[in-house]
Amino acid sequence: MEKKADRTIITVVGKDTVGIIAGVCTYLADNGINVLDISQTIVQGFFNMMMIVDMKGAAKPFGQCAKELEEVGKKIGVAIKCQKEEIFNKMHRI
Amino acid sequence: MINIWEVNETNKMIEHENLDVRTITLGISLLDCIDSDLEALNRKIYGKITEAAAKLVETGAEIERNYCIPIVNKRISVTPIALVGQAACKGPEDFVAVAKTLDRAAKDVGVNFIGGYSALVSKGMTKGDEDLIRSIPKALAETERVCSSVNVGSTKTGINMDAVKLMGEIILQTAEFTKENDSLGCAKLVVFCNAPDDNPFMAGAFHGVTEADAIINVGVSGPGVVKKALEQVRGENFEVLCETIKKTAFKITRVGQLVAQEASRRMGIPFGIIDLSLAPTPAVGDSVAEILEEIGLEYAGAPGTTAALALLNDQVKKGGIMASSYVGGLSGAFIPVSEDQGMIDAVEEGALTLEKLEAMTCVCSVGLDMIAIPGDVAPSTVSGIIADEMAIGMINQKTTAVRLIPVIGKGVGETVEFGGLLGHAPVMPVNPYGCGPFISRGGRIPAPVHSFKN
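Note that the protein sequences, when read in sequence, are chains G and E.
For what it's worth, this note's numbering labels the leading residue of the first sequence as 1, then goes sequentially.
For what it's worth, this note's numbering labels the leading residue of the second sequence as 1, then goes sequentially.
Pulled out of the complex, with its shape left as it was, chain G reads as follows (with noise of 0.2 Å):
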């Protein structure tokens, strides 16, 4: 049987600079996370980005992808947050 979806919600935010979404992809596909959307905006001066992931090919454990994502967004000076896609339907949609 086919592996279920498994997606989640990668948050980016920080001083807008060059190069952020180049160094969040490359670590996407480097470690086989799907990108499935991807938003942008610049909220008061600030990157704003969500992206929608499907990790059910990742080759590391959530934990793990979500802490190297973390020191990733560290090394581009941006704050960057995963978590499972539940949290935000469960309270936006009845």
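In case anyone wonders, no lab produced these hints; they're calculated from the structure.
Values in this document were obtained by computation on a predicted structure and should not be read as measured data.
A few of these clues could be false.
[Said to hold, decoys possible] One side only, chain G facing chain E, incomplete, derived with CB under 10 Å:
hint, residue
1, I9
2, L36
3, Q40
4, V43
5, N48
6, I52
7, Q83
8, E85
9, I87
10, N89
[Stated by the list, open to error] Lysine-lysine pairs mimicking DSSO-like chemistry, simulated, CA-CA at most 27 Å apart:
hint, chain 1, residue 1, chain 2, residue 2
11, E, K317, G, K81
12, E, K12, G, K15
13, G, K84, E, K12
14, G, K75, E, K12
15, E, K12, G, K74
16, E, K410, E, K356
17, E, K318, E, K356
18, G, K74, G, K84
19, E, K246, E, K356
20, E, K317, E, K12
21, G, K60, E, K55
22, G, K4, G, K74
23, E, K317, E, K453
24, E, K12, E, K356
25, G, K15, G, K4
26, E, K55, G, K56
27, E, K55, G, K67
28, G, K81, E, K12
29, G, K84, E, K55
30, E, K107, E, K138
31, G, K74, G, K15
32, G, K3, G, K84
33, G, K84, G, K4
34, E, K247, G, K84
35, G, K3, G, K60
36, E, K398, E, K453
37, E, K55, G, K81
38, E, K246, G, K84
39, G, K4, E, K55
40, E, K12, G, K67
Don't be surprised by glycine CBs; every beta carbon is placed ideally from N, CA and C.
Once you've looked at the hints, dock chain E against the given chain G.
Frame of chain G; chain E shown alone:
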């Protein structure tokens, strides 16, 4: 599909408005541990708790990581120890040994509180019940994480005034036994009317005898989120105000429901209930009193406070009920004094008195909570305050509770520091007139007429 604004809204609640899951409480039945031998009883209790709760703290941490939602406390509630220990315990000292076993088990599985050092005596006390109650001061002084509660009344049975009298003495003794720490023992002791079997919040949590062998109950929180939402509707009418509270309560409770289901799935233990309470902490922006101020009061305690609290409590329930498949526990707004910075400010300002707090407990959960009073108060006065609060619960068919802290060596105007989630509290004045002959009558107050529904 979820959009960026919804994601930002959720994360803003978590990062800036103190949205958290206050507690995952694992209820464990100890009925199968009953033994006539004290040593065997202690061994079985320790074994059962450490086995059932082995994965509790780790599971909580995993859920926190997956959703980036803080789960502040992981706790355990057990079957009232008066029931479990009666066959083995020959006197109060034996019960203290059981309390120490609970404490040891709690430390070994890494939970910060274990509730259920309790007796249910709403109609009468057995010798075992009385022994447990008499052991409470020593048990709370010699343990760190054990919480105790005594149910002394219900709408169905009336109020056991012998137990009320005894609890006045026990609370003062507990204060005396822990006077080196500002009588902290009393912060872990609650007197109830209509105590629920599935309450996840301390210090009053116990695992009722009507419950399954083990169960996951979750308490949500989020006064800060409600306050922030209300800032957006300043000056609007009550319809808008109530709708806003309801929608916010729905969102908060959905997170609790998710966490409860996840914890239940991961641990293989059934999900019991979500407790919808708005539970404040001493942190700035995590206060129920601040919500009341946002509704339009200068301070909590001002005229209008009871009405504002009544609508807040009701709307939280209306929003929360739809968000969860099972709601239970205490479910309402908590109004502890020491654990809520806005309440502390109101007391220090002179806006909030013990009498107004009593009126407020008529319309919200739970009762006179975390209130410091002078340590030289008479036992009968403490009993009188308990009796008043129990009467409110009995007549209104709701849970009420009393968690008073008579601070030995301190008087009105002084402050006590409990630290952490328990906060600090100004010592409040108590009505100086006596009620000794009333409390000394003995016996019980009969059940009210509206309890006869059959």
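Broken hints, by number
Per hint list: 11, 22, 24, 25 violated.
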